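Taken in sequence, the protein lines are chains C and R.
In terms of full-length UniProt numbering, the first sequence opens at residue 1 and continues consecutively.
In terms of full-length UniProt numbering, the second sequence opens at residue 1 and continues consecutively.
These aren't lab readings, by the way, just hints derived from the structure by calculation.
These numbers were taken from a predicted model, which means no experiment stands behind them.
For glycine and all other residues, C-beta sits at the position ideal for the given N, C-alpha and C.
It is possible that some hints are incorrect.
[As the list claims (entries may be wrong)] A few chain R residues that face chain C, going by a derived Cβ cut-off under 8 Å, partial list only: (1) T58; (2) I67; (3) A69; (4) D84; (5) Q98; (6) F99; (7) R103; (8) P104.
[Unchecked claim] Ranges between beta-carbon positions, derived for each pair: (9) C:M120 x R:S79: 32 to 40 Å; (10) R:V219 x C:D75: 56 to 64 Å; (11) R:E220 x C:R212: 41 to 49 Å.
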Amino acid sequence: MPQPQPHQRRLLPPRLVRQAPLLELRGLSKRYGRIVAVQGVNLELYPGETVGIVGESGSGKSTVLRMLNLEEAADAGTYHLAVPGFTEQNLFALDRFHQRQLRIQQIGIVYQQPHMGLRMQATSGGNVAERLIMAGERRFATLRRAASDALASSEFPADRIDDPPAVLSGGMQQRVQLAKAIALRPALLLLDEPTTGLDVSIQALVLDTLLRLRRERQITTLIVSHDLGVIRTLADRVLVMRHGAVVECGLTDQILDDPQHPYTQQLVSARL
Amino acid sequence: MPLLQVEDLSKNFVIHALGRTIPAFQGVSFTLEAGSLLLIRGPNGAGKSSLLRCLYRTYLPDGGRAIYATADGTIDLASAADVDIALLRRTEIGHVTQFLRPRPRVTALDLVAEPLLVAGHSLAEAREAAADWLGSLGLKAAIWQAYPSTFSGGEQQKINLARAMIAPRRLLLLDEPTAALDPDARAALRSRISTLKAAGVAMIGVFHHPEDIAGLIDVEFHVA
Ligand SMILES: Nc1ncnc2c1ncn2[C@@H]1O[C@H](COP(=O)(O)OP(=O)(O)OP(=O)(O)O)[C@@H](O)[C@H]1O
Ligand SMILES: Nc1ncnc2c1ncn2[C@@H]1O[C@H](COP(=O)(O)OP(=O)(O)OP(=O)(O)O)[C@@H](O)[C@H]1O
Ligand SMILES: [Mg+2]
Ligand SMILES: [Mg+2]
Numbered sequence: 001m002p003q004p005q006p007h008q009r010r011l012l013p014p015r016l017v018r019q020a021p022l023l024e025l026r027g028l029s030k031r032y033g034r035i036v037a038v039q040g041v042n043l044e045l046y047p048g049e050t051v052g053i054v055g056e057s058g059s060g061k062s063t064v065l066r067m068l069n070l071e072e073a074a075d076a077g078t079y080h081l082a083v084p085g086f087t088e089q090n091l092f093a094l095d096r097f098h099q100r101q102l103r104i105q106q107i108g109i110v111y112q113q114p115h116m117g118l119r120m121q122a123t124s125g126g127n128v129a130e131r132l133i134m135a136g137e138r139r140f141a142t143l144r145r146a147a148s149d150a151l152a153s154s155e156f157p158a159d160r161i162d163d164p165p166a167v168l169s170g171g172m173q174q175r176v177q178l179a180k181a182i183a184l185r186p187a188l189l190l191l192d193e194p195t196t197g198l199d200v201s202i203q204a205l206v207l208d209t210l211l212r213l214r215r216e217r218q219i220t221t222l223i224v225s226h227d228l229g230v231i232r233t234l235a236d237r238v239l240v241m242r243h244g245a246v247v248e249c250g251l252t253d254q255i256l257d258d259p260q261h262p263y264t265q266q267l268v269s270a271r272l
Numbered sequence: 001m002p003l004l005q006v007e008d009l010s011k012n013f014v015i016h017a018l019g020r021t022i023p024a025f026q027g028v029s030f031t032l033e034a035g036s037l038l039l040i041r042g043p044n045g046a047g048k049s050s051l052l053r054c055l056y057r058t059y060l061p062d063g064g065r066a067i068y069a070t071a072d073g074t075i076d077l078a079s080a081a082d083v084d085i086a087l088l089r090r091t092e093i094g095h096v097t098q099f100l101r102p103r104p105r106v107t108a109l110d111l112v113a114e115p116l117l118v119a120g121h122s123l124a125e126a127r128e129a130a131a132d133w134l135g136s137l138g139l140k141a142a143i144w145q146a147y148p149s150t151f152s153g154g155e156q157q158k159i160n161l162a163r164a165m166i167a168p169r170r171l172l173l174l175d176e177p178t179a180a181l182d183p184d185a186r187a188a189l190r191s192r193i194s195t196l197k198a199a200g201v202a203m204i205g206v207f208h209h210p211e212d213i214a215g216l217i218d219v220e221f222h223v224a
C-alpha cells in the first residue's frame with residue numbers, strides 16, 4: 001500500500017490584506033540546559049486578528065508567550081512590533097529599560113494562574129492602577145477612573161473593586177488580569193489558557209467578555225488553549241506546536257475540520 | 001469576467017493514522033456569474049458539501065484553482081493566504097452550514113446579529129436586522145431572547161440561516177439550507193434568495209429538495 005505523504009500545499013503571500021503585520025517573529029528558539037523548549041518558530045499577526053496556539057503539554061506554548069512578553073530572553077530569533085517608536089527594532093535586542101517600557105505600554109498578558117499576573121493581597125482596583133502608575137500616571141482621580149473603566153470593560157462588578165483578588169472567584173480573578181492587561185490599550189494581548197480551570201458556565205462568561213472586547217477594541221491577540229472549543233470560538237487562525245516547533249498553521253476551521261499533519265489529526269480526533 | 005471560475009478542483013482526505021486516502025471529489029470545473037444560482041447535484045457522499053467547504057477553505061483543496069473576482073482584484077481561493085480568506089469571509093463570502101453552533105449565554109437574536117456587529121454596525125441596527133430575518137423565517141418571537149442550545153432542529157436552522165445570510169455578501173454557499181425547515185420558512189427563504197439574486201449575489205447551493213427553489217436555478221452541476 002502506498003504511504004500517504006504529509007500534505008504540503010503552499011499558500012500564496014497575502015494580497016487583499018495590505019496592512020503590514022503588527023507582529024513578526026522569525027526563528028524564535030529557546031533551550032533550558034539540554035531541553036529544547038522552542039525551535040525555529042515563525043509567526044505573523046495582522047492587525048486585529050486573533051491567533052490560537054494549540055499543542056500537547058510541554059510543546060513550548062507558554063514559553064513562546066513569555067518571550068513575546070519580553071519577560072524571558074530568547075536564545076535566537078528576531079521580534080518586531082509595528083508600534084510607534086519601535087518599528088525598526090528587534091525587540092529581543094533592546095536594553096531592559098526599553099523592553100520594560102514597551103511591555104507596559106504595548107503588551108497585555110493574562111496567565112492561567114492569576115497569582116502570576118496579580119498581587120493577590122492588593123485591591124483589584126489597585127492591581128489595575130499599578131499598570132497605569134508604572135506608565136507614569138500619578139493623579140489619584142485619573143488612576144481610579146481609568147482602573148474602573150478597564151474593570152468595567154472586562155465586566156468586573158463595580159462593587160468588588162476594593163476586594164483583593166485573593167478573596168475573589170477564579171472567573172473574577174481572570175477579569176482583573178484582563179482589566180490590567182487592557183488598561184493601557186496595548187497593541188498586543190497575550191492569553192495563556194485564560195479559561196482553563198474555571199467552571200464551564202464561568203468559562204462561557206469569560207469567553208463572551210473576550211469576544212466582546214475583540215469586537216470593540218480589535219486588539220491583536222495570541223491565545224494559548226488546550227480547549228479546542230475555546231480556540232474555535234475565539235481564533236481566526238491557529239498554529240499547532242509539537243516539541244517546540246510549529247507543525248501546521250491554518251484557518252481555525254481548516255485546522256479543526258481538515259487537519260493535514262499527522263500530529264494535528266491525532267490532536268483533533270483525540271479531543272472531539 | 002465571471003465572478004468565480006473553478007478549474008479542475010479536487011479534494012482527497014489523507015488519514016495518516018489509517019494510512020488511507022478518502023476521495024471527496026475530482027476534476028470539478030464550472031463558472032458562475034454574479035446574480036446567478038448554481039445547483040449542485042449528486043448522490044450522498046459524492047462530495048457536494050466538501051466542494052462548498054473547499055471554496056470557503058474550511059477544507060484545503062489539493063488540486064486545481066478557484067479564481068474569484070473580489071471587489072479588489074482576482075484571487076485563487078484554493079491557494080490564497082489564510083488572512084486573505086479570513087478577510088473575504090468577513091466581507092464577501094458566506095457559508096450556510098447545516099448545523100448551528102450555539103454558544104452558551106448568547107441569545108438567538110444576538111447570534112444572528114453578531115456578523116453585523118463584526119462588520120461595524122451598531123447594536124440597535126444589528127438587532128433590528130436580526131429581528132427582521134427571524135420574523136420573516138417565522139421563528140416565534142417568544143424565544144428570540146432565549147439560548148438556542150435547547151431549540152428544535154428547525155428553529156436552530158432558522159437561526160443558522162439568518163446568521164449566515166444577514167450580512168451583505170457577493171457569494172453565498174448554501175449547504176442544504178432548507179432541510180429542517182417548515183413550508184412557510186421554505187417559502188420565506190425562497191423569496192429572500194430571489195431578492196438577493198436580483199441584487200447581484202451569486203449562490204452555489206446543495207438542496208435536498210430543489211423544487212424549493214424552482215425557477216431560481218440558473219445552472220446545474222453534477223458531482224459524480
Ligand atoms: N526553567 C525550566 N527549566 C527546564 N525546563 C523548562 C523550564 N521551563 C520550561 N521548561 C521546559 O520547556 C518545555 C516547554 O514548556 P512550556 O511551558 O512552554 O509548554 P506548554 O506548551 O505551555 O505546556 P502546557 O500545555 O503544559 O502549559 C517543557 O518541556 C518544559 O519542561
Ligand atoms: N472532514 C472530513 N474528513 C474525512 N473525510 C471526509 C471529511 N468530510 C467529508 N469526508 C468524506 O468525503 C466524502 C464526501 O463527503 P461530502 O460530505 O462532501 O458528501 P455530500 O455529497 O455532501 O454527501 P451528502 O449528500 O450525504 O451530504 C465522503 O466519503 C466523506 O466521508
Ligand atoms: Mg503552558
Ligand atoms: Mg452534504
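Hints not upheld, ascending by number | 2, 3, 5, 6 and 9
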